[in-house]
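Note that the protein sequences, when read in sequence, are chains A and B.
Residues in the first sequence are numbered from 768 upward in steps of one, following this note's numbering.
Residues in the second sequence are numbered from 768 upward in steps of one, following this note's numbering.
In short, the hints are calculated from the structure, not lab data.
Keep in mind that this is a model prediction, so the values were computed, not measured.
Where hints are given, some of them may not hold.
[As the list claims (entries may be wrong)] So the derived label-pair ranges between C-beta atoms look like this: (1) A:E853 with B:V914: 26 to 36 Å; (2) A:Y1070 with B:G1069: 39 to 49 Å; (3) A:F1072 with B:P1062: 27 to 37 Å; (4) A:Y1070 with B:S982: 33 to 43 Å.
[What the hints assert, rightly or not] Listed next, the in silico EDC-like pairs over lysine to aspartate or glutamate satisfying Cα-Cα at most 20 Å (straight line): (5) A:K849 with B:E872; (6) B:K849 with B:E911; (7) A:K839 with A:D803; (8) A:K849 with A:D875; (9) B:K951 with A:E911; (10) B:K810 with B:E836; (11) B:K1063 with B:E1096; (12) B:K849 with A:E872; (13) A:K951 with A:E1000; (14) A:K976 with A:D875; (15) B:K978 with B:E993; (16) A:K978 with A:D803; (17) B:K976 with B:E1067; (18) B:K839 with B:E853; (19) A:K849 with B:E890; (20) A:K951 with A:D1011; (21) B:K849 with A:D875; (22) A:K951 with B:E911.
C-beta atoms are modelled at their ideal positions from N, C-alpha and C, and glycine is treated no differently.
Here are the chains, one letter per residue:
Number of protein chains: 2
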Amino acid sequence: MQEMSFRRMAQSGSQGGATMELVTGGAGFIGSHLVDALVAQGKSVRVLDNFSSGREEFLAHHNGRSEVEIVKADLLDFDSLKAAMEGIDTVHHLAANPDIRLGTEVTDTDLRQGTVATYNVLEAMRHAGVERISFSSSSAIYGEASVMPTPETYGPVKPISLYGASKLASEALITAWCGTFGAKAWIHRFANIVGPRGTHGVIFDFIHKLKRDPSRLEVLGNGLQEKSYMSAEDCVRAMVHLVDQVDENVNLYNLGTGDTCSVRRIAEIVVEESGFDNVSIEYTGGDRGWAGDVPKTSLEVGYLFSTGFVPNMQSEDAIRHTARVLIQEIGL
Amino acid sequence: MQEMSFRRMAQSGSQGGATMELVTGGAGFIGSHLVDALVAQGKSVRVLDNFSSGREEFLAHHNGRSEVEIVKADLLDFDSLKAAMEGIDTVHHLAANPDIRLGTEVTDTDLRQGTVATYNVLEAMRHAGVERISFSSSSAIYGEASVMPTPETYGPVKPISLYGASKLASEALITAWCGTFGAKAWIHRFANIVGPRGTHGVIFDFIHKLKRDPSRLEVLGNGLQEKSYMSAEDCVRAMVHLVDQVDENVNLYNLGTGDTCSVRRIAEIVVEESGFDNVSIEYTGGDRGWAGDVPKTSLEVGYLFSTGFVPNMQSEDAIRHTARVLIQEIGL
């Protein structure tokens, strides 16, 4: 393979004037919200998804319109990925294993679907001359930070989950591609993102547990775990805002609301919204839900706010909104 | 695959009382110095090396003694790696692609020989119940840091080389294994390490250039690149010191001397030591040697020094010593 920089290669992304955006994982929970936001901006979007956790119905409202093109492919299929770069201006790389807890049982999923997949995305971009990547990283990269709220300048970062490790590895690959081949990146370190179409996470789990047994709700850990939450709508709005508004070589921001909510409070909200009476909330005990679960995360978001972004919902509002919508989606 | 923690598994490493240490890349430049240091401590050592850059002669002085066992295998060969964990107490994981510049031309070497290899090491440790890992990371993980000297607490870290990305990805995998499966880690962020048996790097390159043409020495960049250097002997002494002296769950330290040396000064020293007269030192220009080369690194080493470690050589001494020895090894 010869040395190639993005700038010296054919600029397939800028041919013909019309730009198109690629969203990997675009049929997934956050990805489908991002597709909505980009289409609302008047953009044409190509979705690349292997539909392992993404769902066609999350994009069904775009059916019959030319703005959204769907490609079913896995990021480990390099030829399909390269083909999908044709005519792309910006890659929004959101595809990843969404189940953080899985790493305690299967150790190579995050490596393959996270780190290696990100390598493939970057390599396909380089081959196609696509320069711009917006990446969904995570507060999981911080591990158990000793500074709260945790700013982007916190170090050393020591992820404790295999999911967090794959996100940090992906960040590193992205900055290396910027430094070596002249790519440009927006790296978004997400708080816990909640909202309609959620397919994983604590609210989703609680609703399914109540569906199985409306008399009791088992909470993993002592319920004192406390984290930053953000609505998916605010999250994708922040992503689009940053890509439009900030223009460094590498733009790295925490995305969150600035507050936190405890798992205990989430359990109470889900029970309230369920309408069930006399639910017994039971705690398994211990300071965390599972090995690799960070008991407390709080993201410093002053840097994001300094760009003019204001979230519409705080953590607790986002959780209640999500509980309400997911109860409708899942059905109790 | 079932969930397993180190502690719940058979402790093969502690059977029989006698401990053995595994050194991956133990036939390489720094690895072979570490083998010397461990043997000097009275330890038995198993070397695992694929001999891609390692050399048998680097360990020849241990031939015929029972303390050093050599296994020729690649870290991507998982079965051999698992077998090599038998009876091991601590893994010193040094194997990696040593050629930082290669990433500008071949993009998957650092991913495979760095990130995936580290994953395999950790996974083999988990299967065998080996708990302790000492890992050779690099100042390359910092990228172009805005704070100099750069402390371990600097963030966000944004490596600009694919080598640096693989080191940061490996750090992340290691801390995730500690957080999820109960491993214990020493992470050493190396300055530029120089010394006898060097097979890559600026001093090695300069000597080979002078060997080809004693009338001129071409220096990549403007020569104002300035970095922290440390002798290989001091480096492995610091590694052994930290593994013996500090005992957190994750022990992460910069390893260096506290000073820096410019590439221009290195060129002068190599020419002085070569004995050649009238060498014309010529600069290709530009602020860095190649895309992904960090022009200036300076490591803050107060944290290392606070543990009682004192280096024997400063940067310039280490460089002169290395030039002298490598000129003998390479032959001018």
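Does the Cβ-Cβ separation between Y1070 (chain A) and G1069 (chain B) fall within 39 to 49 Å? For G1069 (chain B) against Y1070 (chain A), whose Cβ atoms are near 28 Å apart, the range 39 to 49 Å is violated.
Take a quick look at whether K849 (chain B) and E872 (chain A) sit within 20 Å of each other, Cα to Cα. The given pair, whose Cα atoms are some 19 Å apart, holds under the 20 Å limit.
If you draw a straight line from the CA of K849 (chain A) to the CA of D875 (chain A), is it 20 Å or shorter? violated (24 Å)
Given hint E836 (chain B) paired with K810 (chain B) - CA-CA distance at most 20 Å: holds (12 Å)
Under the criterion that the straight-line Cα-Cα distance not exceed 20 Å, is the pair K951 (chain A), E911 (chain B) satisfied? holds (16 Å)
For the pair we were handed, K849 (chain B) and D875 (chain A), check the Cα-Cα distance against 20 Å. Cα-Cα ~16 Å, so holds.
If you draw a straight line from the CA of K1063 (chain B) to the CA of E1096 (chain B), is it 20 Å or shorter? Violated: K1063 (chain B) and E1096 (chain B) sit about 29 Å apart, past 20 Å.
K849 (chain A) paired with E890 (chain B) [C-alpha distance capped at 20 Å]: violated (31 Å)
Has the hinted range 27 to 37 Å been met by the Cβ atoms of F1072 (chain A) and P1062 (chain B)? holds (33 Å)
Are K951 (chain B) and E911 (chain A) close enough, with their CA atoms no more than 20 Å apart? holds (16 Å)
Need the status of pair K976 (chain B), E1067 (chain B): alpha-carbon distance at most 20 Å? violated (32 Å)
Taking 20 Å as the top limit, are the C-alpha atoms of K849 (chain B) and E911 (chain B) close enough? Not OK: K849 (chain B) and E911 (chain B) at ~37 Å, beyond 20 Å, violated.
In summary, the numbered hints that this structure violates are 1, 2, 4, 6, 8, 11, 13, 14, 15, 16, 17 and 19.
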